[in-house]
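S.K.: This is what each chain is made of:
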Amino acid sequence: MDKVTITIDGQKITVPSHYTVLEACKEAGINIPTLCYLKDISQTGSCRMCLVEVKGARNLQASCVYPVSEGMEVFTNTPKVRKARKGNLELILSNHEKKCLSCVRSYNCELQKLAKELQVDETTYAGENIHYPLDDLSPSIVRDPNKCILCRRCIAVCKNVQTTAVIQASQRGFKTVVGPVFDKSLNEVPCIMCGQCISVCPVGALREKSEIEKVWDALAEKDRHVIVQTAPAVRVALGEEFGMPIGTRVTGKMVAALKRLGFDKVVDTDTAADLTIMEEGYELLDRLENGGKLPMITSCSPGWIKFCEHFFPDFLDHLSSCKSPHMMLGAILKSYYAEKMGMDPEKIFVVSVMPCTAKKYEAERPEMNVNGLRDVDAVITTRELAQMIKEARIDFVQLEEETFDDPLGEASGAGVIFGATGGVMEAALRTVAEKLTGTSLDEKELEFQPTRGFDGIKEFTVDLPQLVLKGAVVHGTGNARKLLEKIRAGQAEYHFIEVMGCPGGCITGGGQPIVDAKTRMDIDVYEERAKALYEEDRSMVIRKSHENPFIIKLYEEFLEKPLSHKSHELLHTTYSEKENYPCDCKDC
Amino acid sequence: MSKCCCEIPKETVEAIREIIARHKEQEGALIPVLHEVQEYYGYLPFEIQKIVAEELEIPLTEVYGVVTFYTQFSLNPVGKYKVGVCMGTACYVKGSDKVLEEVEKVLGIKVGETTEDGFFSLEATRCIGACGLAPVITVNDDVYGKIGANEVADILKKYQ
Numbered sequence: 001m002d003k004v005t006i007t008i009d010g011q012k013i014t015v016p017s018h019y020t021v022l023e024a025c026k027e028a029g030i031n032i033p034t035l036c037y038l039k040d041i042s043q044t045g046s047c048r049m050c051l052v053e054v055k056g057a058r059n060l061q062a063s064c065v066y067p068v069s070e071g072m073e074v075f076t077n078t079p080k081v082r083k084a085r086k087g088n089l090e091l092i093l094s095n096h097e098k099k100c101l102s103c104v105r106s107y108n109c110e111l112q113k114l115a116k117e118l119q120v121d122e123t124t125y126a127g128e129n130i131h132y133p134l135d136d137l138s139p140s141i142v143r144d145p146n147k148c149i150l151c152r153r154c155i156a157v158c159k160n161v162q163t164t165a166v167i168q169a170s171q172r173g174f175k176t177v178v179g180p181v182f183d184k185s186l187n188e189v190p191c192i193m194c195g196q197c198i199s200v201c202p203v204g205a206l207r208e209k210s211e212i213e214k215v216w217d218a219l220a221e222k223d224r225h226v227i228v229q230t231a232p233a234v235r236v237a238l239g240e241e242f243g244m245p246i247g248t249r250v251t252g253k254m255v256a257a258l259k260r261l262g263f264d265k266v267v268d269t270d271t272a273a274d275l276t277i278m279e280e281g282y283e284l285l286d287r288l289e290n291g292g293k294l295p296m297i298t299s300c301s302p303g304w305i306k307f308c309e310h311f312f313p314d315f316l317d318h319l320s321s322c323k324s325p326h327m328m329l330g331a332i333l334k335s336y337y338a339e340k341m342g343m344d345p346e347k348i349f350v351v352s353v354m355p356c357t358a359k360k361y362e363a364e365r366p367e368m369n370v371n372g373l374r375d376v377d378a379v380i381t382t383r384e385l386a387q388m389i390k391e392a393r394i395d396f397v398q399l400e401e402e403t404f405d406d407p408l409g410e411a412s413g414a415g416v417i418f419g420a421t422g423g424v425m426e427a428a429l430r431t432v433a434e435k436l437t438g439t440s441l442d443e444k445e446l447e448f449q450p451t452r453g454f455d456g457i458k459e460f461t462v463d464l465p466q467l468v469l470k471g472a473v474v475h476g477t478g479n480a481r482k483l484l485e486k487i488r489a490g491q492a493e494y495h496f497i498e499v500m501g502c503p504g505g506c507i508t509g510g511g512q513p514i515v516d517a518k519t520r521m522d523i524d525v526y527e528e529r530a531k532a533l534y535e536e537d538r539s540m541v542i543r544k545s546h547e548n549p550f551i552i553k554l555y556e557e558f559l560e561k562p563l564s565h566k567s568h569e570l571l572h573t574t575y576s577e578k579e580n581y582p583c584d585c586k587d588c
Numbered sequence: 001m002s003k004c005c006c007e008i009p010k011e012t013v014e015a016i017r018e019i020i021a022r023h024k025e026q027e028g029a030l031i032p033v034l035h036e037v038q039e040y041y042g043y044l045p046f047e048i049q050k051i052v053a054e055e056l057e058i059p060l061t062e063v064y065g066v067v068t069f070y071t072q073f074s075l076n077p078v079g080k081y082k083v084g085v086c087m088g089t090a091c092y093v094k095g096s097d098k099v100l101e102e103v104e105k106v107l108g109i110k111v112g113e114t115t116e117d118g119f120f121s122l123e124a125t126r127c128i129g130a131c132g133l134a135p136v137i138t139v140n141d142d143v144y145g146k147i148g149a150n151e152v153a154d155i156l157k158k159y160q
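Protein sequence lines, in the order shown, are assigned to chains A and B. In terms of our numbering, the first sequence opens at residue 1 and continues consecutively. In terms of our numbering, the second sequence opens at residue 1 and continues consecutively.
Just chain B, with the same shape it has in the complex (with noise of 0.2 Å):
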């Protein structure tokens, strides 16, 4: 279950309505509100798309459907590296759900989950526009292609 409000402290409340002040006259401000909130505090949880509601008039509805809907917004916490495999049709083709079979052994939680100590999340992407070097998987912002499964443990290794 999702962390008490009351436990969200007084300045993190601050900081997302600053946020959501500099975005609130633009048109569709909800999706980079929700990105800047999500850089900020790391995921989306009920009582964050509460505050993002209210702030910005909408009804909570709007903004859940919106943080469902896609992929990159999450409703849980994620881990300090967030690995990312490739599910696009060239990263399929070239082998990416042995990658990723190979992904969850090594860090043993599934696809959504986060590892116990906090530090790896585990996403599949849809095509992330690098197919000249299928299969590709992403931690943060490093990009590793044309990687084989044997490959995994030890790019994951240089995080630990």
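The following block holds chain A by itself, in its conformation from the complex (with noise of 0.2 Å):
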């Protein structure tokens, strides 16, 4: 790699030669501010924080896109360097609504802690201040202009990595606003509901619409019988709402705190991946023996399905019927579980809590229920869960651990997996290996890692008696459409495809705690994040999903086999075509 040496405030240092001046000097030690720059996803120079005295350049140049040449000399701390700085950030500030002390991301708000770090007065200047009303008619995400700094990191995830493209900057100066087109709402322009535009927020511009008091409500009702689950991403992040490190497990103090809160039950999602990957997988060997549509793709990602539903529809025959695994295990806690405990399913609410905005959309579609019951009543985010958790000043880190309530128990390993790119994959190819050799993998054969790992589209194959499988995993539906354009144009072909519609799949999902611009350029979020999933899949008895106790007596007692009657009835589902932008009028 090509080399480079200059001089940072008197410091010389040497870096590869392709580094921008920000990077040479976070490599230095030196924290440049920064408010557009997202590492990987956006690198504008719009913001104009990151201004350094570059010797001999006429201006102060935005080191975020100011690449590194030999002998260069930079200047990070000069007064014209600093006051430049603040004066950019007073602008910044003149058309922000400052409503800070109840604001969603307040302690967590990079323009916030820049303020109090460069000791800026938020009052020097007042902008136009045009107030909008809020978007707040999508299931999952609410749009609070008021907020927007128009950094437009939201735009570049929409855009450039999911490649939805829903938002946009329109108009110009202090007119300009960041939104869908014609001053629609999210809710009614293709939107994923993916939520990743959220994650990448500095501020509270964006966030998920909350279920909390719903689910606040609920637990206050005397005859409700209120059970919550939990996806497996959550237990690997929600420590960080409470200070902890990335990737750190906290799946025991987070069982507790769920008993704290007042549910009367706490299940795991990870129980009905293991379901998922029962049917999901029969649903793959019943397609490749009596010639079904393939390649089979997954369907536990609901941003990804409604992509397909909005981008691809001609690929909708070849999304697995299977509902997602908390759809199906509310489903089941309102069926078995009901009958099992002579209960009123009327009677039961069940709460999800997902890595997830979109499956607060997904808990909506009219396809979701059975009998008129809806599978799940609420779905909060990992985020709305540490809310709920501060709100009952429940000292989280503190809480002895505790394990999820029976009957159902602790999940296998494969359940677990689901939660990272390549883990639906993992899961289903240790179910489906099996049930197709006849023979029992071990421990090494168990972990498969051609499907781990984050590179964006990876491909592989498995050799089964009866034939090759071929299979591909992606994530982020930007990874999606190259393949599934590359299918179209039969230049590829699959027997079974994993889509996670999230970069890094749901351990890095819309809804999980936010990580700020800094701390991306320092740690590898998926690594850590799928490091602690992994570890908490070795350190299961159970590793496969039809080894699952429970599943088995699930099918004994009551679904009799996978894809049976009572199956479909309460487990698959159906997609249909989504009109992009409809018609607006009257008339239509």
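Keep in mind the hints are simulated off the structure, nothing from the lab. There's no promise every hint is true.
Computed cross-link-like contacts, DSBU-like style, restricted to lysine-lysine with a CA-CA straight-line distance of at most 30 Å [said to hold, decoys possible]: (1) Lys578/A x Lys80/B; (2) Lys24/B x Lys482/A; (3) Lys175/A x Lys157/B; (4) Lys435/A x Lys531/A.
Short derived list, chain B residues pointing at chain A, Cβ under 7 Å [claimed, not checked]: (5) Lys50; (6) Ile51; (7) Thr61; (8) Asn150.
All residues carry an ideal CB built from backbone N, CA and C; glycine is no exception.
Both chains come to you apart, so use the hints to assemble them.
M.R.: In structure tokens, the structure reads:
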């Protein structure tokens, strides 16, 4: 790798020649302020916070887009630099709605932090401060243009990473606003509700649609049986909201906290992931044996499903008909569980804690009910759960660990790894391979490396008795788009594809704790959270879905067999093509 | 609200597609396409922008971002005669704000609006480069320089 030597504030440092001044400063231990910059996602040099003096350059330069060169001399802390940064920050603040006390991002706001660090007075100037109505029609995402600082990180992730491009800057000057076209709501455009825009927002301009109050209300109802389930990815991220390092496993503490919040039962969505594997695995076997539509594509990610319905309707037949795990669990809780406990299913209120904002939308889909009962009654994100724990004044870090409630009990390790890209595929292969070979996989064979890691598109083959199974794993809908276009063009063929809508999979879903731009420069969040999931898998006694005793019992006592009539009624669903920008006139 | 896409006649859609086809291969096709489409259709409502996005194979958000950024593009129907009052520095110093006020009074509309009969629409433009004639107003391609507020009514009368 080519290297160059530059001087930063009198300190000589040798860095790779492709570095920006910002990256070089980082290595030199200098923390340059940024707002619009986000590693790997947004690099536009538009917020002017990262200005530095470069010897020989006429003006101050935006270090996030300024490449290093041999012999360059950079000054990051001169009066001129400090004055310019402060002035720019004052201007940004002049048009920002400063309701910091109750803002969902207070203490976790990059703007607030910079204002404090740079000692900026937020009242120096008053901008035009045009007041916009909240866009809260989407079941998943609330957009508050009054707090937007026009950094455009959300636009970058929506357009370039997810390739949905439903938000854009329009108008100019003080009238500039980031949002969908023609002042439409996110609910009226092909937004897939993935929430990646929330994850990258430095302030409180984008957030999930909160269902916390709905959950408190259910908990307060005397004759309601409130069951909470938690997705695999929640347990490897929730701790971050309480100051624990990224990648800390807090399964036991999370369960303890949920019990203290007053839920009648705390169950694990991983169990339903095992159920999904049974249904989806057998669906794949059925398609392979009976000439069904191939490749079959996983359907656990509601953001991905909506993406497919909007942008690739010709692939809807390829989607597995399986509902996602938490929806399956909701259906089972309101049928099998209710029957077993002698309970009126109408009295059961199911809350899902998800790393995902699209799950809120999914739970509201008209397809997701059995006999008029919603499978899931409320969906809260990992962040909302943390908020509830804080509001209940529970000292999370000090909690003694507890375990999930019976009758569902512990899930398998296969259910756990559902949270990371490649995990659904790996879990499915553990079951499908054993069914086809008739032999038991050993410890080493269980961990299928080709589907792990964070390459955008992972392709692999598995030798099975009747066929060489060709598979692919993609994460982020931008990568899904690339893969599907290849298939459309006849340039690739597979039997089975896993798609997770968010980059990294559910561990970095749109409902997870927000990691700021600075931390993203230091820590690979994907790696740390995934590592924790794989550790959890390794710690489990049972690591294959079909060996989960609850699942075995569930089929014996209730569902009979995978893909049975009852399974279809409760656990499977349908999809339909969605128009991207439907005409909004009354005559249509 | 914008007219329904179902109401856009087939010939119009075809004509717009033709305009786009002429530019499609060219780099930075969007702005020239928008100019020509606006010239043809008069303005750039939702359903027209949808056609542009589809044909150019770019997101609708990109089209909308550009249309709303530049003042020469309009989301609403414009009048047969587009009246522009220059608000550039030279014109402003020479009293174009008074001229604008007068135009608003005579036409009974505000900037960005169109008269009910569809005859006139009003724009406050940036500098049009005729500073020597300040203050300046334009009516479509006709330029009137060094005018006072008291001349406005007579100028507009010519077009009625």
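S.K.: If a hint holds in the structure, say so; if it doesn't, say that too.
M.R.: Verification of the hints:
no.	hint	verdict
1	Lys578/A x Lys80/B	39 Å, violated
2	Lys24/B x Lys482/A	22 Å, holds
3	Lys175/A x Lys157/B	34 Å, violated
4	Lys435/A x Lys531/A	28 Å, holds
5	Lys50	6 Å, holds
6	Ile51	11 Å, violated
7	Thr61	3 Å, holds
8	Asn150	33 Å, violated
Going through the hint list in order, the structure does not satisfy hints 1, 3, 6, 8.
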